[in-house]
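Engineer: Each chain, written out:
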Amino acid sequence: MEFGLSLYNNTLIQKQAVNEVLKYNDLTAQFGLILTESQALQLVETRSIALKDTGRIEFGGGVIEKIIYEFCDSPYISSHNYEETLHELIGIFYYYKNETLDLVSDEDLIKFMKTAFDGICQGSLDLLSGKELYRVAQNIRFSRPFDYTDDFDEEEDYDGEY
Amino acid sequence: MESIEIISKIDKSRLSGIHYLESLMEQASYKEMLSQTEIENIKLGCISLLARQTERYNNGDSSSIRVEVAQSVLTSILYTIGINLKRYKNPDDSVIALQTKNVEILFTEGLKVIDRKISIAKMIHAKIVNNFMITQNVFYSSTVVDGINGFFKLYRPEYAAQEIHITADYPTHITVCNLAGIEFIERYLENIYYENQFCCYFREDRVHRLLSGFHRNYQNLLINLYQPILATAVGSVLCEKDIHLLELSELDVDRLYQLFENKEDFEIIKILKQAILILKDELSTSDELFAYLNKSIFEIAVMIKNAIALKTLGNVFIQPFNPEDEQIIMFSYGEKMEDEKFRAVIDEILQSETIENKISIIQQDIHSLADLEDVLLDAELTNIEIDAILKLLSPTEFIPLLKRYPSYIDIDLRDNEKKLCYCIAKCKASMPREQQLALEKAVNILQDEL
Numbered sequence: 078m079e080f081g082l083s084l085y086n087n088t089l090i091q092k093q094a095v096n097e098v099l100k101y102n103d104l105t106a107q108f109g110l111i112l113t114e115s116q117a118l119q120l121v122e123t124r125s126i127a128l129k130d131t132g133r134i135e136f137g138g139g140v141i142e143k144i145i146y147e148f149c150d151s152p153y154i155s156s157h158n159y160e161e162t163l164h165e166l167i168g169i170f171y172y173y174k175n176e177t178l179d180l181v182s183d184e185d186l187i188k189f190m191k192t193a194f195d196g197i198c199q200g201s202l203d204l205l206s207g208k209e210l211y212r213v214a215q216n217i218r219f220s221r222p223f224d225y226t227d228d229f230d231e232e233e234d235y236d237g238e239y
Numbered sequence: 010m011e012s013i014e015i016i017s018k019i020d021k022s023r024l025s026g027i028h029y030l031e032s033l034m035e036q037a038s039y040k041e042m043l044s045q046t047e048i049e050n051i052k053l054g055c056i057s058l059l060a061r062q063t064e065r066y067n068n069g070d071s072s073s074i075r076v077e078v079a080q081s082v083l084t085s086i087l088y089t090i091g092i093n094l095k096r097y098k099n100p101d102d103s104v105i106a107l108q109t110k111n112v113e114i115l116f117t118e119g120l121k122v123i124d125r126k127i128s129i130a131k132m133i134h135a136k137i138v139n140n141f142m143i144t145q146n147v148f149y150s151s152t153v154v155d156g157i158n159g160f161f162k163l164y165r166p167e168y169a170a171q172e173i174h175i176t177a178d179y180p181t182h183i184t185v186c187n188l189a190g191i192e193f194i195e196r197y198l199e200n201i202y203y204e205n206q207f208c209c210y211f212r213e214d215r216v217h218r219l220l221s222g223f224h225r226n227y228q229n230l231l232i233n234l235y236q237p238i239l240a241t242a243v244g245s246v247l248c249e250k251d252i253h254l255l256e257l258s259e260l261d262v263d264r265l266y267q268l269f270e271n272k273e274d275f276e277i278i279k280i281l282k283q284a285i286l287i288l289k290d291e292l293s294t295s296d297e298l299f300a301y302l303n304k305s306i307f308e309i310a311v312m313i314k315n316a317i318a319l320k321t322l323g324n325v326f327i328q329p330f331n332p333e334d335e336q337i338i339m340f341s342y343g344e345k346m347e348d349e350k351f352r353a354v355i356d357e358i359l360q361s362e363t364i365e366n367k368i369s370i371i372q373q374d375i376h377s378l379a380d381l382e383d384v385l386l387d388a389e390l391t392n393i394e395i396d397a398i399l400k401l402l403s404p405t406e407f408i409p410l411l412k413r414y415p416s417y418i419d420i421d422l423r424d425n426e427k428k429l430c431y432c433i434a435k436c437k438a439s440m441p442r443e444q445q446l447a448l449e450k451a452v453n454i455l456q457d458e459l
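Which chain is which? The protein sequence lines are A and B, in order. Counting in the numbering used here, the first sequence runs from 78 upward without gaps. Counting in the numbering used here, the second sequence runs from 10 upward without gaps.
Extracted from the complex, chain A is given alone in its bound form (with noise of 0.2 Å):
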């Protein structure tokens, strides 16, 4: 008798995190960012899509909304490319939650997550995925300190930035 984990595709809870994120609007359209339904069953989906690519499942539900909640005020996310970002960011949350093997909470990387994006990145998810993050998951990886760089070469500008 089969009981895999396929039982777990419910288009109720499909619904219901549709739902979830739309309530969210509430809060983010003091920054102008509004989701519509069809946005936000998009991004559930591409949810769906990141869980199937990166071999994890979630029962609950909360990631979108941790990230809408962090990044909303970000000063690199405008009512352009809100969705757009949205759905990288997810993208990147899960494949992250693999390469830091699970070591990292969700609040954490979320919130590190931010914190380069709107920083040291500034804006760029490509700076954030490939460098940023990549860096982290490479300290944890090797045991060492989570903020470890050895980037010694680089040349800073007088903010600390690239």
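Just so you know, the hints here were simulated from the structure itself, not pulled from any lab data. Treat the hints with caution; some may be incorrect.
Claimed, not checked - Taking lysine-lysine and the DSS-like style, the derived pairs with C-alpha atoms no more than 25 Å apart in a straight line are:
#, chain 1, residue 1, chain 2, residue 2
1, B, K18, B, K52
2, B, K250, B, K279
3, A, K208, A, K191
4, A, K92, B, K52
5, B, K52, A, K129
6, A, K191, A, K100
Said to hold, decoys possible - Take a look, some chain A residues computed to stay more than 12 Å from chain B by CB distance:
#, residue
7, Q91
8, D103
9, T105
10, G109
11, S156
12, K191
13, D195
14, L202
15, G207
16, Y211
17, I217
18, T226
Note that beta-carbon positions come from the ideal geometry of N, C-alpha and C, so glycine has one too.
With the hints as your guide, set chain B onto chain A.
Structural biologist: Below, chain B alone, put in the same frame as chain A:
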């Protein structure tokens, strides 16, 4: 009066020991004891339980988890519920419990069953360790003591109840099948307990001699120690010899051959059962050990039947051997010459063009086995040259080299060592068979003073 067993709708023999819940539900569905709705509800209940368990697994730090981990936790949940349902002797009652009890309650009860089994297993383990059979076999103590201790440290019934985390290398005479997790360990320890208890009836030196008769190097073999001891004890009973001596002669084995020859399986088992009865009285074994001995004879009966057919009964009823009686010859590789002088010799050999010249240099300048070995390894000799040199060696010179480079491929050897190993094996293989056997015998009794 025979006990009356209630007839069950579900055939117990079709239920899996490892995946009990799944097989029970399958059978129940087949017998229409569980409806599709009930099955769906049980499955969804398990998924809800999984969601709760994975959150606990993560300490609430992550909303997602790797699929492999989730699958493992789900398997653990199913195993735990299954172990709870096994308490019902009649599987029909297990199905009723599934219908009437909440999945969470079945799971919680299952965890308590597992906890009790862990306590029992620890108790059995402590009993074994307190009366541990003294043996030189490395696998026995490393598995039974260290391995099982490792299991108790690593076992996490909440999330991986079906795992044992260790390899349980040492094989018991009665193999534990169709069980997983703590059930496997419990049964494994029970078997070890009885086997250990039986073996402890005999003196350590007697056991050592018997097992040495089985194989000179039994200390490093992954073998069951109980079986040859039991077989020899039974053989001693049948030959009316003192069972405590664990000594059967060739004559005894011949007697046993005549006893078992042309006997059917049931006749062999009958003879063995009678012998076990006598053993029980002689050793004053407990009823439980007696029951285990009785279960053990079936495998021995098969071994006897096969051995009779192959005329190898001596492999079942082993004659003991005392390795301490064996002659040992100590040898030394001798002193190595100084490095500078050795380098000069090597250079001279490298510069020589003919094999005769090289041999002449070796005969002139090399006076110890240690130096000879180094020359064979470092002088960049071809296979033909090494072969020619080896053929000139006397047996007393060749045998130590054969001992150090026996004929097998060791993956840890360097290339030049592999070459020498190959040449020595080839040289030995070119000798007459009797000479090869004599060399092997000599190698066995030779001991390097290092």
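Engineer: Decide, hint by hint, whether the structure agrees.
Structural biologist: Hints and how they fare:
no. : hint               : result
1   : B/K18 with B/K52   : 22 Å, holds
2   : B/K250 with B/K279 : 20 Å, holds
3   : A/K208 with A/K191 : 14 Å, holds
4   : A/K92 with B/K52   : 21 Å, holds
5   : B/K52 with A/K129  : 22 Å, holds
6   : A/K191 with A/K100 : 21 Å, holds
7   : Q91                : 15 Å, holds
8   : D103               : 22 Å, holds
9   : T105               : 20 Å, holds
10  : G109               : 28 Å, holds
11  : S156               : 27 Å, holds
12  : K191               : 17 Å, holds
13  : D195               : 23 Å, holds
14  : L202               : 20 Å, holds
15  : G207               : 22 Å, holds
16  : Y211               : 20 Å, holds
17  : I217               : 14 Å, holds
18  : T226               : 25 Å, holds
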